[in-house]
Amino acid sequence: MIEIKKSKIKIKEVKRENENNQAGETGLNGVLAVKNLTRKFGANIVLDNISLTIEKGKTTVVIGPSGCGKTVLIKHLIVLLRPSSGEVYFKNKRIDNIGESELNEVRTRFGFLFQGGALFDSLDVFENIIFPIRQHCKITNWSEIEELVKAKLAMVGLDGFQNYYPANLSGGQRKRVALARAIALNPEVILYDEPTTGLDPIRADVINELILKLRRELGVTTVVVTHDMASAYKIADRIIMLHNSKIIADGSAEYIRNHPHPVVQQFINGQVSEDDLAVLRMSGTISKAQFLPRDFKK
Amino acid sequence: MLAAIGTKTVAGVGNAGRFARFMWHSIMTSFRSFARGQTYPLIWTQMHLIGVRSVPIVMITGAFVGMILAVQAYDQLAGMGLEEHLGVLINISVVKELGPVLAAVMLAGRVGGALTAELGTMNVTEQIDAVRSMGTDPVLYLVAPRVLACLLLTPFLIIYADLLGILGGYFVGVMQLKINNQAYWSFSASGVELWDVAVGVVKGFFFGGAIAIIGCYKGFTCREGAQGVGQACTEAFVSSFISILALDFALAVIFKGIYNTFYPYRSLVG
Numbered sequence: 050m051i052e053i054k055k056s057k058i059k060i061k062e063v064k065r066e067n068e069n070n071q072a073g074e075t076g077l078n079g080v081l082a083v084k085n086l087t088r089k090f091g092a093n094i095v096l097d098n099i100s101l102t103i104e105k106g107k108t109t110v111v112i113g114p115s116g117c118g119k120t121v122l123i124k125h126l127i128v129l130l131r132p133s134s135g136e137v138y139f140k141n142k143r144i145d146n147i148g149e150s151e152l153n154e155v156r157t158r159f160g161f162l163f164q165g166g167a168l169f170d171s172l173d174v175f176e177n178i179i180f181p182i183r184q185h186c187k188i189t190n191w192s193e194i195e196e197l198v199k200a201k202l203a204m205v206g207l208d209g210f211q212n213y214y215p216a217n218l219s220g221g222q223r224k225r226v227a228l229a230r231a232i233a234l235n236p237e238v239i240l241y242d243e244p245t246t247g248l249d250p251i252r253a254d255v256i257n258e259l260i261l262k263l264r265r266e267l268g269v270t271t272v273v274v275t276h277d278m279a280s281a282y283k284i285a286d287r288i289i290m291l292h293n294s295k296i297i298a299d300g301s302a303e304y305i306r307n308h309p310h311p312v313v314q315q316f317i318n319g320q321v322s323e324d325d326l327a328v329l330r331m332s333g334t335i336s337k338a339q340f341l342p343r344d345f346k347k
Numbered sequence: 189m190l191a192a193i194g195t196k197t198v199a200g201v202g203n204a205g206r207f208a209r210f211m212w213h214s215i216m217t218s219f220r221s222f223a224r225g226q227t228y229p230l231i232w233t234q235m236h237l238i239g240v241r242s243v244p245i246v247m248i249t250g251a252f253v254g255m256i257l258a259v260q261a262y263d264q265l266a267g268m269g270l271e272e273h274l275g276v277l278i279n280i281s282v283v284k285e286l287g288p289v290l291a292a293v294m295l296a297g298r299v300g301g302a303l304t305a306e307l308g309t310m311n312v313t314e315q316i317d318a319v320r321s322m323g324t325d326p327v328l329y330l331v332a333p334r335v336l337a338c339l340l341l342t343p344f345l346i347i348y349a350d351l352l353g354i355l356g357g358y359f360v361g362v363m364q365l366k367i368n369n370q371a372y373w374s375f376s377a378s379g380v381e382l383w384d385v386a387v388g389v390v391k392g393f394f395f396g397g398a399i400a401i402i403g404c405y406k407g408f409t410c411r412e413g414a415q416g417v418g419q420a421c422t423e424a425f426v427s428s429f430i431s432i433l434a435l436d437f438a439l440a441v442i443f444k445g446i447y448n449t450f451y452p453y454r455s456l457v458g
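Chains as they are written, first to last, in the working numbering: chain C, 50 to 347; chain Y, 189 to 458.
So that you can see chain C by itself, here it is in the shape it has in the complex (with noise of 0.2 Å):
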């Protein structure tokens, strides 16, 4: 396991408080709570009551259909987002009320995996790594840096990339750097939006064996947005599905492919609903008339 070696490199003192994971005046068990979660954007309800526990050391995947709520439930579990009513809580302490300055020290316990990866393209592969820990540690000695930024590079498998630009890496090496500067602070939480998104299967995959490789040997909690059930199956402890703003179905892999609500089964086995084909034979059949004629240019 790769740790920075605070004897070297000082780590701003990070309040740590209420470290334990028992229940709490809040009565919430686990890593990260939220309690009768609601965002509007406008008059638009995206999350509508939303209660649920993460638990510590645990791969929990929310999945549902494009636009459901799943990134903006992710980004109020790091409060990049504040509810519109409702509480998010880590280990026990209220996160969604308190200011910018103590929240970036919350934030500093947790990695975030972006959808694009969010890679800054003004620097490079070893700036990107490094970026968290200039932030937030006092660098003293640039050799164990270099090592350190190696061995998460090696973690992903990019070892050897540190001087590319992300112009230059494809999809799947971005996101793998990505991962790399999420975990170079050995977060205690782990978000990924989407992390399979955009890639082939084989990328996917390796995706997937990454989440696994961190939760296994970092011992971190997970939390996954996607809606890849291939991933979903593979690496969860736990699938929870949202649908019309609310979670519709909370369980195991096992107890979600048997979930009796249709909506889940429909989705989960990738099927066009009823409604979605009758507007399809509602707009009839393709004719000529819908397609420009073959000598349209002049």
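One should not assume that every hint holds.
[Stated by the list, open to error] Reference excerpt, derived from the structure (chain Y facing chain C, CB under 10 Å, subset only):
id, residue
1, Glu306
2, Glu314
3, Gly323
4, Lys444
Calculated directly from the structure, the hints in this document are not laboratory data.
Please read these numbers as outputs of a predicted model, since none were measured by experiment.
Every residue gets a Cβ at the ideal spot worked out from N, C-alpha and C, and that includes glycine.
With chain C's structure known, arrange chain Y on it following the hints.
Here is chain Y on its own, set in the frame of chain C:
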């Protein structure tokens, strides 16, 4: 109709409030970042991008302002036999008003637009969220170095614009229109005081701060997509331009008041 006006008013007040909060946070964070060693390399980088690379465009602007003033004013002054006062007119106009304002407008286009485009792209590709997710204040990392670089270098760029404006006026007035060299500089020296130069340079701090804060704010709040970033850049330039003019008016009134308190009235053609 009334509902629409009400909605727009509420939205306008909300936007003004958000901008005021962003501005306050940016100013406070910029001053605090002076005490943070990690910020200095970022400030140097921004100084190069914002300051050094703007020197040619600002110098060209200044030179043409001086030359155009000379061409336009010469006939009027010559008609009254006052052509030797051309230097006073050009130089005081350049150092007090036209140099600072036109240099700032050029910077609003070159620097303000670039800041908005860069931060806007970072915003829509979640790079600003990534900064926040790693426990860093994006205003500290992204805005403070840009504000400080603009604040510190705009006055110097204005000095360059002034210098080239003076030389441009001299080139047309003395070398092309054959005004007596000694008289040109002698009247200029008697008409332009250090106060006038200082007023122009001090304006640079305010213009630079306004350009940087507006550019960064528009980048941070731009909507998604290429159109969103493009629109934010346009809004940044228009807002910066209006702010420069409004600040120039306010500062002209304030500095005139200060001057009149301490010094007697002076005529430029006495």
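Do the hints match the structure? See the list:
1. Taking 10 Å as the C-beta cut-off, the interface hint given for Y:Glu306 holds, the closest approach to chain C being about 8 Å.
2. This hint holds: Y:Glu314 has a C-beta 4 Å from the nearest C-beta of chain C, less than the 10 Å allowed.
3. Satisfaction of the interface hint for Y:Gly323 is found here, the shortest Cβ-Cβ separation to chain C being roughly 4 Å, below the 10 Å cut-off.
4. Checking Y:Lys444 against chain C: minimum C-beta separation of about 42 Å lies over 10 Å; hint violated.
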